[in-house]
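Taken in sequence, the protein lines are chains A and B. One point on numbering: in my numbering, the residue at position 11 of the first sequence is 43, and numbering is uninterrupted. One point on numbering: in my numbering, the residue at position 118 of the second sequence is 150, and numbering is uninterrupted.
It is possible that part of the hints are untrue.
Identical copies go unnamed one by one, so any copy, or any two together, can satisfy a pair.
SDA-like mimics (lysine to any residue), calculated; alpha carbons at most 25 Å apart, straight line [to be verified]: (1) 111 x 133; (2) 111 x 135; (3) 110 x 139; (4) 110 x 138; (5) 111 x 38; (6) 111 x 138; (7) 111 x 40; (8) 110 x 133.
It is worth saying that the hints were derived from the structure and are not from the lab.
2 protein chains.
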Amino acid sequence: MSTDWTTPYYACIFTNQRTDSGADIYEMMAAEMVALAASQPGFLGVESVRDAGGLGTTVSYWSSLEALHGWGQQAAHKKVQEMGRAEFYSWFQLRIAEVSETRQFGLAALADQITPPDAAAD
Amino acid sequence: MSTDWTTPYYACIFTNQRTDSGADIYEMMAAEMVALAASQPGFLGVESVRDAGGLGTTVSYWSSLEALHGWGQQAAHKKVQEMGRAEFYSWFQLRIAEVSETRQFGLAALADQITPPDAAAD
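Start from the sequences, fold in the hints, and give me the full structure.
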């Protein structure tokens with residue numbers, strides 16, 4: 033799976049701080065949301081990092097702004113967003129951006145990294 | 033320091049995998065680069081996360097595409113980029129994007145988070 037998608041494409045940059053609450057449930061829900069996102073029309077890929085202090089950045093990539101907004105409105109995702117505000121995040125910042133330019137180094141390893149879980153056998 | 037900058041502004045999304053090489057030197061250089069970036073014209077802020085496996089995402093924000101590209105060409109930064117390819121990263125993916133839309137939750141804590149080091153006393 034290439035990560036060198038044709039520009040323009042769209043990024044949802046979600047930077048967030050986890051609370052100490054519900055680690056097991058959160059991990060399960062986060063994995064479910066990645067799998068669900070990967071099944072949505074226009075999904076390209078996702079990169080997600082969290083440090084030991086609970087600071088995280090998840091960037092998902094979409095082929096169109098419509099696809100990105102569609103994911104934001106997806107019913108199961110909306111429920112999880114409510115739980116995020118109520119319990120899992122002490123703060124978050126979400127930004128929507130149009131990617132116009134890319135550069136890469138050592139790409140083969142990255143392609144493995146961001147292959148969505150249910151496409152890993154492709 | 034607000035993080036709710038007037039759109040449009042510009043993001044450099046730098047996702048990377050650290051090698052096992054030179055942790056002390058890398059940490060020192062990374063801190064220097066953040067301070068140097070923060071002193072450049074058009075710099076808005078930076079968010080940086082790295083997990084225990086060495087996967088990292090650093091997103092820097094700029095008021096214009098010119099300012100973002102100017103940082104990419106800054107002389108000391110160019111030297112560090114060469115060291116990054118030669119030694120510190122096994123791969124990276126860099127994307128330049130125009131931020132058109134933002135949303136936030138619990139913003140006060142985030143403002144502390146992304147205040148650049150040399151402005152922390154403000």
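Verification of the supplied hints:
1. 111 x 133: between (34 Å within a copy, 22 Å between copies)
2. 111 x 135: between (36 Å within a copy, 17 Å between copies)
3. 110 x 139: This pair counts as between: shortest inter-copy Cα distance 20 Å, intra-copy 33 Å.
4. 110 x 138: The answer is between: 18 Å across copies meets 25 Å, while 36 Å in one copy does not.
5. 111 x 38: neither (32 Å within a copy, 29 Å between copies)
6. 111 x 138: between (38 Å within a copy, 19 Å between copies)
7. 111 x 40: neither (30 Å within a copy, 29 Å between copies)
8. 110 x 133: Classified as between: cross-chain Cα gap 18 Å, same-chain 31 Å, threshold 25 Å.
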